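Next come the chains, spelled out residue by residue.
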Amino acid sequence: MNNLIPLFVAIPLGIAFIIPMISRRIKGVAAFLGNVTMIGLSVMSLVSIGKSGMYHMGGWDTPIGIDLRLDGLSVLMLLSISIVGFAATLFSTRYMQSYTSRHRYYSLFLFMVAGMNGAVLAADIFNLYVFMEIASIASFALVAFGCGHEDLEAAFKYIVLGGVAATFVLFGIAIIYGVAGTLNMAHLAMKIGNKPLSNPLVFALGLFISGFGLKAAMVPFHSWLPDAHPSAPAPISAMLSGVLIKAIGVYVIARLLFNVFGITPRVSLVLQILGTLSMIVGVLLAIGQWDMKRLFAYHSISQVGYIIIGLGLGTPLGIVGALYHLVNHSVFKSLLFLNAGAVEYSTGTRNLKRLGGLYKTMPVAGSTSLIASMSIAGIPPFNGFWSKLIIIIACVMSGHYWLGAWAVLVSILTLASFLKVQRYGFFDSLKISVEQIKKTPPMMALAMILLAVLCVGMGFFVITGFDSPIIIGPAAESLLKGVFVL
Amino acid sequence: MIYSLCLVLILIGLYGVVTKKNIVKIVISLAIMEYGVNLFLILIGYRNNGVHPGIEESESFTHFLAHSVDPLPQALVLTSIVISLGMLALMVGMCIRLYERYGTFDITEIRRLRG
Amino acid sequence: MEEGMSLVVKTVIRLLKGFILLFGVYITAYGHVTPGDGFAGGVIIACAFILIFLAEGKRDSMKTFGETAAREMSCIGGLIFLLTAFAGIGISGIFLKNFLPTKAAARFTLFSAGTIPICNIGVAVIVAASLYLVFSIMSSLHVIVKDDEEREMINRGEEIE
Amino acid sequence: MEHAILHIILIMMIIGALIAIETKNLLSSIISVGAVGFLLAIMFLFLRAPDLAITQMVVEILCLVILIRATISRDLTAISGGREFFGLITTATLIILITVLGLKIFEDFPAFGSSVLDRVIDAPAKTYIADGLEKTGSANIVTTILLDFRAYDTLGEITVLFCAILGTLAVLRRKARKQATEEDNE
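Read top to bottom, the protein sequences are chains A, B, C and D. Under this note's numbering, the letters of the first sequence match residues 1 to 486, in that order. Under this note's numbering, the letters of the second sequence match residues 487 to 601, in that order. Under this note's numbering, the letters of the third sequence match residues 602 to 762, in that order. Under this note's numbering, the letters of the fourth sequence match residues 763 to 948, in that order.
Hints were generated in silico from the structure; no laboratory data involved. Please read all numbers here as calculations on a predicted model, not as lab measurements. All C-beta atoms, glycine included, are put in the ideal place defined by N, C-alpha and C. You may find that some hints are simply not true.
The following label-pair restraints were derived from C-beta to C-beta distances [stated by the list, open to error]: (1) ASN199/A to LYS937/D: 53 to 63 Å; (2) LEU684/C to LEU446/A: 46 to 56 Å; (3) PHE808/D to SER198/A: 26 to 36 Å; (4) SER198/A to VAL537/B: 53 to 63 Å; (5) ILE470/A to LYS659/C: 54 to 64 Å; (6) ILE692/C to GLY348/A: 51 to 61 Å; (7) VAL610/C to ILE773/D: 36 to 46 Å; (8) ARG881/D to GLY28/A: 31 to 41 Å.
Whole structure, please, built from the sequences with the hints as guidance.
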């Protein structure tokens, strides 16, 4: 089992190095290899459910070498990365045909997946930084992949802010190293965890929260997301909004706060404030948008707010809710972006004012988007309802009535804005002539159906225990265990 | 004192990133920020009267052990230099393309997206 | 610019390029003994090729080191490193294990550090090839938009070849 | 004495950085940033990091070549002046905040020149120095860390480089989208 852990990183890396070499000789091999790799990774992460372990790279002991740590939370992240990634590659096979040099696309895609997997498995903060950079650099290039005006502008904004975030994180790592003299998370937790933080460490923590918060697009740092996510090709938007902002943003914040620094009331308060701000600002900005993908992108900010609030509560139920919402969001938001991509592919536009009546002409995209919209708006019995319910109950139970009230209000506004999407986009009368609408290719439909089935299916996770559903329970447990022990 | 000067270098970079209009200048400012952080890491590893962390043939091992500066930050900075070189190449590529599309390096004119 | 720089420059470069390349190779090969490692060596090798590129012009330099070759070399460099890592699994069961014998006694010779020189070579190859590649692409992309009319053409999606 | 030299070089770097950011001409700005980079290399030499000095030097040359190549014969006219007013206010607050915080932090920070090796008993860096040669056979401890103890980071590092170059090639490719009728010739 343990030997499986480095392969999560090594396999996508190896394939990504091979693709540019052989794609000139064999036609269509890039798409094939991309899909096969993602299937393989999905199988590997399914196999590792319920497992845990440490892997010592190069056989060196803990503080000397680099470790990889697999626990409940990493498994949860790996699962969502590989399944959403598989749906995205499946979608890409047809969608990316209008772009040139697709082998670079698949290679960069796999680098991004490898980077996220590496960041999720890392048990060493510098290693985390390196893999975060792999994932982000691949995503910068992928956002600009279309080379249009908007793509380049958004990508430039993204790369500048990403560079600033990376510098902040590196500065934080430097300060921590100067104080504690080690980089391994467990070793670090032994030295600084659960103790009152000295001034340099508080500064380092602030740098980490702003750096990773920038990657997670929390509100004071969100300005890149509404440009970057809509400008990317649809499968990439799905990956960015679905998993990237979580794997190198929210996940890292949770990992560092709970398992390395130890969560204190003051840090909780900061998280609650940031989460509430993201939730409210995101939804208020979303509601006026007419560009479908831009609207979804703003909702990503808002939904990340829910996750941060759940984490900020610090109670077991809050964390379960947050992690449940994290996976749910990665499924339904990537589904929504794939829907938008399918609509754009078929009609050539994603402006809601010019769309309408697509429910009849594009039944697959229409019905899956209905499922996803109901999930994100929190309509029972879909998965989004349960996770939001858990977060709201956790708010109320821990005495934060106002947070609960805001969460309910934001949920209503979310419902309103998705009613708008459904009404103007899918139910209204048809504004474009039927002949102009291309049929949805079967691969795209398959990808969307896969995610829609997951959307429905994950609603039933809650049956396995309200306060510890399968897969999510162990993940929450690994955060609740407190700081790592060596 | 020297740490504070290093922080000033980083902040100059940050100032440039936030206020400058020319996209090449933004790239340059980011490079300056990276320099500052790299320097900070190496400053942390410095030891008074240190020697460089490579064993010379003529050097006694105990002397090396007592005086070698911290090698770990140097390895980290090597990695980070490579990463910033990669970032720079990608950013310059984007700058060239942006210039081709918009005909200017001015970020206030590169504005098609709202918000 | 088309045919490179003047004859003086070309002659000097012709004399110098071997030394620069040799220096890069030396830095790489002795990375585990003296300061400098595969990355620095790779950059020096890339700089040698860039010098040739600048002096002799694109057409001639592409004969010595073409774009396709650079592209494949950079992949090969990454694969050298990765295969060494995988060989660690195959031979001693651990990813990235230094599986070759290491001899601390023979510490100032070339073959003393197990897999370290191999990894160094991999790093140097990928760095040299990919930096040369990016430079050549950036220089050969001479799209200098002359006037607004041409920009309009680009904006409409027409490509200027 | 040595500390004084370090301070002087660092102040020169700061001046260089200010010139690089504030000067009107783009080319002189790039040259100034090159000067800052070379000063950084000298600084590395003084701080007993010859590996880094070599690397910084060659990387700086390459950066300059790339930057000049990118900007030459393009728009070198001055685009100066700040962005909007709001941006300036946020910057000012941010910078003041970080400065105040930063100065407060360095009061508690271990003094310059006392490295981790002297302060932390079980620091991994100690093992690297003491056992690095014995365990890997490489006399250069930095290479030992890069390619053996923390080789996984280096794998990540070359991946970052390759990925960035691949991204650059993707961004700079001649034609990004195909016409609908075009034949697929990958």
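Hint-by-hint comparison with the structure:
With their beta carbons about 54 Å apart, ASN199/A and LYS937/D fall inside the hinted range of 53 to 63 Å. Taking the beta carbon of each, LEU684/C and LEU446/A are about 35 Å apart, not inside 46 to 56 Å as hinted. Checked against the hint of 26 to 36 Å, the C-beta distance between PHE808/D and SER198/A comes to roughly 29 Å, which is consistent with it. SER198/A and VAL537/B have their C-beta atoms about 30 Å apart, which leaves the hinted 53 to 63 Å range violated.
Distance hint check: the CB atoms of ILE470/A and LYS659/C are about 60 Å apart, consistent with the given range 54 to 64 Å. For the pair ILE692/C and GLY348/A, the supplied restraint of 51 to 61 Å holds, since their beta-carbon distance comes to about 55 Å. At roughly 38 Å, the beta-carbon separation of VAL610/C and ILE773/D lies within the given 36 to 46 Å, and the hint holds. Take ARG881/D and GLY28/A: their Cβ atoms lie about 58 Å apart, and the range 31 to 41 Å is violated.
In summary, the numbered hints that this structure violates are 2, 4, 8.
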